[in-house]
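J.: As a plain string of letters, each chain reads:
Number of protein chains: 2
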Amino acid sequence: MYDALKATFDRIVPLSDSDWAFALPLFKYVEYKKGELILREGEVHHHSIFVITGALRIYNFNGNKESIRNIFLENSMFNESGSYYLKKPSLFNIDAIEATKAFIMHRNDAEVLFSRSVQLATLGRRFAEYALATVVERNNELTSMDGKARYLKLLKEKPHVFQRVPQYMIASYLGITPEALSRIRKEIAG
Amino acid sequence: MYDALKATFDRIVPLSDSDWAFALPLFKYVEYKKGELILREGEVHHHSIFVITGALRIYNFNGNKESIRNIFLENSMFNESGSYYLKKPSLFNIDAIEATKAFIMHRNDAEVLFSRSVQLATLGRRFAEYALATVVERNNELTSMDGKARYLKLLKEKPHVFQRVPQYMIASYLGITPEALSRIRKEIAG
DNA sequence: AAAGTCTATTGATCTACATCAATCACTTAG
DNA sequence: CTAAGTGATTGATGTAGATCAATAGACTTT
Numbered sequence: 001m002y003d004a005l006k007a008t009f010d011r012i013v014p015l016s017d018s019d020w021a022f023a024l025p026l027f028k029y030v031e032y033k034k035g036e037l038i039l040r041e042g043e044v045h046h047h048s049i050f051v052i053t054g055a056l057r058i059y060n061f062n063g064n065k066e067s068i069r070n071i072f073l074e075n076s077m078f079n080e081s082g083s084y085y086l087k088k089p090s091l092f093n094i095d096a097i098e099a100t101k102a103f104i105m106h107r108n109d110a111e112v113l114f115s116r117s118v119q120l121a122t123l124g125r126r127f128a129e130y131a132l133a134t135v136v137e138r139n140n141e142l143t144s145m146d147g148k149a150r151y152l153k154l155l156k157e158k159p160h161v162f163q164r165v166p167q168y169m170i171a172s173y174l175g176i177t178p179e180a181l182s183r184i185r186k187e188i189a190g
Numbered sequence: 001m002y003d004a005l006k007a008t009f010d011r012i013v014p015l016s017d018s019d020w021a022f023a024l025p026l027f028k029y030v031e032y033k034k035g036e037l038i039l040r041e042g043e044v045h046h047h048s049i050f051v052i053t054g055a056l057r058i059y060n061f062n063g064n065k066e067s068i069r070n071i072f073l074e075n076s077m078f079n080e081s082g083s084y085y086l087k088k089p090s091l092f093n094i095d096a097i098e099a100t101k102a103f104i105m106h107r108n109d110a111e112v113l114f115s116r117s118v119q120l121a122t123l124g125r126r127f128a129e130y131a132l133a134t135v136v137e138r139n140n141e142l143t144s145m146d147g148k149a150r151y152l153k154l155l156k157e158k159p160h161v162f163q164r165v166p167q168y169m170i171a172s173y174l175g176i177t178p179e180a181l182s183r184i185r186k187e188i189a190g
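Residue numbers (the working numbering), protein chains in the order written: chain P, 1 to 190; chain G, 1 to 190.
Take these hints with a grain of salt, some might be off.
[Stated by the list, open to error] The calculated DSBU-like cross-link candidates involving lysine-lysine, where the alpha carbons are at most 35 angstroms apart (straight line), are: (1) P/LYS158 with P/LYS186; (2) G/LYS6 with G/LYS33; (3) P/LYS87 with G/LYS33; (4) G/LYS88 with P/LYS156; (5) G/LYS148 with P/LYS148; (6) G/LYS158 with P/LYS34; (7) P/LYS101 with G/LYS88; (8) G/LYS101 with P/LYS87; (9) G/LYS158 with G/LYS148; (10) G/LYS65 with G/LYS186; (11) P/LYS88 with G/LYS33; (12) P/LYS6 with P/LYS186; (13) P/LYS65 with G/LYS158; (14) G/LYS33 with P/LYS65; (15) G/LYS156 with G/LYS186; (16) P/LYS153 with G/LYS186.
The hints are simulated quantities; they were obtained by calculation from the structure and are not laboratory data.
Model the full assembly from the supplied sequences, consistent with the hints where possible.
T.: So, in structure tokens, the structure goes:
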């Protein structure tokens, strides 16, 4: 049950058996039904989530339209950073696109964990650093590429997402409307 | 000379005298002339930069137009995250908007530093976490607010920037053209 | 099979903002 | 004092993508 978790973490920083023995009980196993709301806008997000299988999304509303910020598939770890790290009310909702199995860890437990050894502290640092690098990259895409270029990049780098997520969610993730994405696809196909 | 640095760091994680004695020699003091190029697109960014006084910006080119990603004033620490953490060629340039005094630390020294104690490891983690939270917030602004709303938010949250940075750079930071910003200002004033 | 619900497509129109071009105000150098 | 930058403003026009509305295919539910 912990295999995927261990493999993912060990790829970042190898941990001692002692650190693992300390870490594993701090994770709580949870299952989310398809469509289940995990975090509601306005609540503070207290947990980091490691997706074992399934798919979660984080999104907010622009007016009455959903705007998807990110989609997390298996073996990815995330939280609502602004809320989790700064303890502010979340600007986003999190829900399950698919039935999902996950481990979650409370911020307080994570702080204890990351204070236990330099290896664990480094693990925590690497997660934040990696997340930071990817968010900056996404930021750059949104400001310097148009919809078509963003679509082609996603198609190239994460083709598997298209097998699992409906097109209107892809459009939302790309920052455009379903109509605009449909026209981009038509233009490319034609 | 180290006062601002110490005060900023201590606000995040208080360090022991021993840790400070270890840390300080790893910083290198540098001065940048106004307009000086610090990092060129395509190079790997090896240093984190702590701004003592002055102003630096990170930007790239969309076609032949500069697009400013961020501006860093005194007592802020940053690096080109994608390049620094993933050791990839930078997508951005960094240069000095004003004459600037700074400390820089090489990634290799930072890794040594953050592996020395749990306190120092936590300091490194907090920097990444805080940067992550702010980048996510900026990301959200760029996708869910229009130019006018972004301008008003900046005016409210960082009014001092307007005293120091020309309007066309503000426009670029906001993701709009100088012409568009000028019209927004006119509309608000009128 | 019929009815209802989603998702994707297509067309018509609208809008925020970009682009191009000219002018104006300020500063700095000769 | 004058010329030459440099930054900000204003006007005219262009465009990517939003919005609104209709249609059609695919899936469920009964």
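J.: The structure should be examined with respect to each hint, and the outcome stated for every one.
T.: Verification of the supplied hints:
1. P/LYS158 with P/LYS186: Holds, at about 20 angstroms.
2. G/LYS6 with G/LYS33: Given pair G/LYS6, G/LYS33 holds - Cα atoms ~24 angstroms apart, limit 35 angstroms.
3. P/LYS87 with G/LYS33: violated (39 angstroms)
4. G/LYS88 with P/LYS156: holds (19 angstroms)
5. G/LYS148 with P/LYS148: Holds - the C-alpha atoms of P/LYS148 and G/LYS148 are around 25 angstroms apart, at most 35 angstroms.
6. G/LYS158 with P/LYS34: Violated, at about 42 angstroms.
7. P/LYS101 with G/LYS88: Distance of about 33 angstroms is within 35 angstroms: holds.
8. G/LYS101 with P/LYS87: Distance of about 33 angstroms is within 35 angstroms: holds.
9. G/LYS158 with G/LYS148: holds (15 angstroms)
10. G/LYS65 with G/LYS186: Holds, at roughly 24 angstroms.
11. P/LYS88 with G/LYS33: Violated, at roughly 39 angstroms.
12. P/LYS6 with P/LYS186: violated (43 angstroms)
13. P/LYS65 with G/LYS158: Cα-Cα ~29 angstroms, so holds.
14. G/LYS33 with P/LYS65: violated (47 angstroms)
15. G/LYS156 with G/LYS186: holds (17 angstroms)
16. P/LYS153 with G/LYS186: Given pair P/LYS153, G/LYS186 is violated - Cα atoms ~38 angstroms apart, limit 35 angstroms.
Violated hints, listed in ascending order, are 3, 6, 11, 12, 14, 16; each of the other numbered hints is respected by the structure.
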